[in-house]
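Asks: Each chain is listed here by its residues.
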Amino acid sequence: MSAAPRALVVDDEPDLRELLRLELEGAGWVVQAAENGRAAWALLQAQPVDVVLTDLRMPGGSGVDLARKLHARGGPPPEVFLMSAYDDVSADEVFALGARELIPKPFDFEDVARRLARAIGR
Amino acid sequence: MSDNAGSGFEPRGFGVGPPGLVSAILDALPVALFCKDAGDGFRFICWNRTAEDWWGLPRERILGRNDYDFFPREQADFFRAKDEETMRSGQRVEILEEPLDTPVGRRLLHTLKVPLLGEPSHAGFLLGISWDITDARARERELEQQRNVQVAQARLASLGVMASGIAHEINNPLSVIGGWASQLRRLAEADRLDAAFAVRASSRIEDTVTRVSAIVRAMRSLARESAGDPMRPFLAASLLEDTLAVCRARFAEGAVALKVEGCDDLRLVGRPAEVGQVLLNLLNNAYDATVGRDGAEVSVSITGEGARARITVEDTGPGVPPELAEKIMEPFFTTKEPGAGTGLGLSISRSITLNHGGELRLEPTPRGARFVLVLPVHSDARELT
Numbered sequence: 001m002s003a004a005p006r007a008l009v010v011d012d013e014p015d016l017r018e019l020l021r022l023e024l025e026g027a028g029w030v031v032q033a034a035e036n037g038r039a040a041w042a043l044l045q046a047q048p049v050d051v052v053l054t055d056l057r058m059p060g061g062s063g064v065d066l067a068r069k070l071h072a073r074g075g076p077p078p079e080v081f082l083m084s085a086y087d088d089v090s091a092d093e094v095f096a097l098g099a100r101e102l103i104p105k106p107f108d109f110e111d112v113a114r115r116l117a118r119a120i121g122r
Numbered sequence: 001m002s003d004n005a006g007s008g009f010e011p012r013g014f015g016v017g018p019p020g021l022v023s024a025i026l027d028a029l030p031v032a033l034f035c036k037d038a039g040d041g042f043r044f045i046c047w048n049r050t051a052e053d054w055w056g057l058p059r060e061r062i063l064g065r066n067d068y069d070f071f072p073r074e075q076a077d078f079f080r081a082k083d084e085e086t087m088r089s090g091q092r093v094e095i096l097e098e099p100l101d102t103p104v105g106r107r108l109l110h111t112l113k114v115p116l117l118g119e120p121s122h123a124g125f126l127l128g129i130s131w132d133i134t135d136a137r138a139r140e141r142e143l144e145q146q147r148n149v150q151v152a153q154a155r156l157a158s159l160g161v162m163a164s165g166i167a168h169e170i171n172n173p174l175s176v177i178g179g180w181a182s183q184l185r186r187l188a189e190a191d192r193l194d195a196a197f198a199v200r201a202s203s204r205i206e207d208t209v210t211r212v213s214a215i216v217r218a219m220r221s222l223a224r225e226s227a228g229d230p231m232r233p234f235l236a237a238s239l240l241e242d243t244l245a246v247c248r249a250r251f252a253e254g255a256v257a258l259k260v261e262g263c264d265d266l267r268l269v270g271r272p273a274e275v276g277q278v279l280l281n282l283l284n285n286a287y288d289a290t291v292g293r294d295g296a297e298v299s300v301s302i303t304g305e306g307a308r309a310r311i312t313v314e315d316t317g318p319g320v321p322p323e324l325a326e327k328i329m330e331p332f333f334t335t336k337e338p339g340a341g342t343g344l345g346l347s348i349s350r351s352i353t354l355n356h357g358g359e360l361r362l363e364p365t366p367r368g369a370r371f372v373l374v375l376p377v378h379s380d381a382r383e384l385t
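Protein chains in written order, with my numbering: chain A, 1 to 122; chain Z, 1 to 385.
Source of the hints: derived by calculation from the structure; they are not laboratory data.
Keep in mind the model is a prediction, meaning the values are calculated, not measured.
Even for Gly, the Cβ is constructed at its ideal location relative to N, Cα and C.
Any given hint could turn out to be false.
[Claimed, not checked] Across the chosen pairs, the derived CB separations fall in these ranges: (1) A:A96 x Z:D294: 21 to 29 Å; (2) A:E101 x Z:D207: 25 to 33 Å; (3) Z:S238 x A:P48: 24 to 32 Å.
[Said to hold, decoys possible] Short, incomplete list of chain A residues facing chain Z, as computed with Cβ under 7 Å: (4) D15; (5) L16; (6) L19; (7) R21; (8) P59; (9) P106.
Working from the sequences, and respecting the hints, build out all of it.
Replies: Rendered as structure tokens:
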């Protein structure tokens, strides 16, 4: 078995960061967390990840900008999952951002963990 | 009345004409005129045609008698008190609205009582003039209803804007609650739940429920139908808190800094739901004007200045061009993209503010826009609800 997969969780809600970390670590992921797109981008410079799970709207750097920058950057990009509390993002927009899928809030944590695992073929 | 007017007719000051002309003129007026002799028990000495029609009493039955001969005691007492007040004060006395059942149905009358020719030897006369305000009142009511419809429409528009903030405020906490509950369940099922974790997870759930309750309460207080609400004293700070509760998330996510300077114990008088709507509208406008700009910031402050409170909403947006400063408060004027604004916000806000005895104005400022909402302050703490 290869090394543990790495995930970066980006959300401005501290409880969600903690819960996603608990969930994913329980499923065998190595998890990093950031409170906005800017902080996430900084973390990604130091440590590439397999999956980025990011909220769309956050103070101080949105998930949209983060997804765009990841998409525009050369090299193999991580799988990007978007989370949103709003019904305002279409499948086309998700695709245009180079993201894998949109996870609407509220969500089932076990289900999120399964989706992330599928994305990296586990 | 015709005899009196004919013989006592004085050309100077009114006009000239054949005997009986003044009577005919008075009879032709669309107002009820009557005159009582204050020196003789307030007996009627004049009663014009319109008065005959409205009260359904011909002058033959009225002249020489007084109110107690026609009206129920209680009503006659009321008229007499007003008559005496008029003669005693030597001033006009008004009865603003008084219902009268006439042969053509119930009418509302506005009556003016005027003291005439009082002198030491004679108590003088009381002239009564009544006019029909039924239609005017009906028009006022209609205007009031139209205004209420507009207020409701504007409320719906600002609710639409609020709704996106609400989705965030509800869906995020629901994720949090669901997440902790799911952890608790699975740990308990696996028999791996320790007490410290259970306590922590449960209190996170409780805190989150409190957070959602606050937003739902704020939403309800702002969105409720307010047309029939009485004007009442309320704390400016709680209103501000409720209003910010429904838009804070939107500001945070749009990276628009929100600076708040409250005034803890300042009480206003009015309909909190309506004032909150005005405030929310100003905040939404300020957000729209600044979002996406560098250094986007909106400041709200409440200060008391004697009997008035001053609520200022200031933004770092492009400001309002001087040539539009007058126009922006007009109905249906908007600078927003089609579909983004109703153009009713500021005009309704101004109408609500005027209705509260306050004012809403745009004040010059070196950069951005500064809207100032001035409202009357409540002075008596005991009535606070």
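Asks: Now look at each hint and say whether the structure bears it out.
Replies: Going down the list of hints, with the structure as the test:
{"no.": "1", "hint": "A:A96 x Z:D294: 21 to 29 Å", "verdict": "holds (26 Å)"}
{"no.": "2", "hint": "A:E101 x Z:D207: 25 to 33 Å", "verdict": "holds (30 Å)"}
{"no.": "3", "hint": "Z:S238 x A:P48: 24 to 32 Å", "verdict": "violated (49 Å)"}
{"no.": "4", "hint": "D15", "verdict": "holds (4 Å)"}
{"no.": "5", "hint": "L16", "verdict": "holds (6 Å)"}
{"no.": "6", "hint": "L19", "verdict": "holds (4 Å)"}
{"no.": "7", "hint": "R21", "verdict": "violated (11 Å)"}
{"no.": "8", "hint": "P59", "verdict": "holds (4 Å)"}
{"no.": "9", "hint": "P106", "verdict": "holds (4 Å)"}
Hints 3 and 7 from the list above are not met by this structure, while the remaining hints are.
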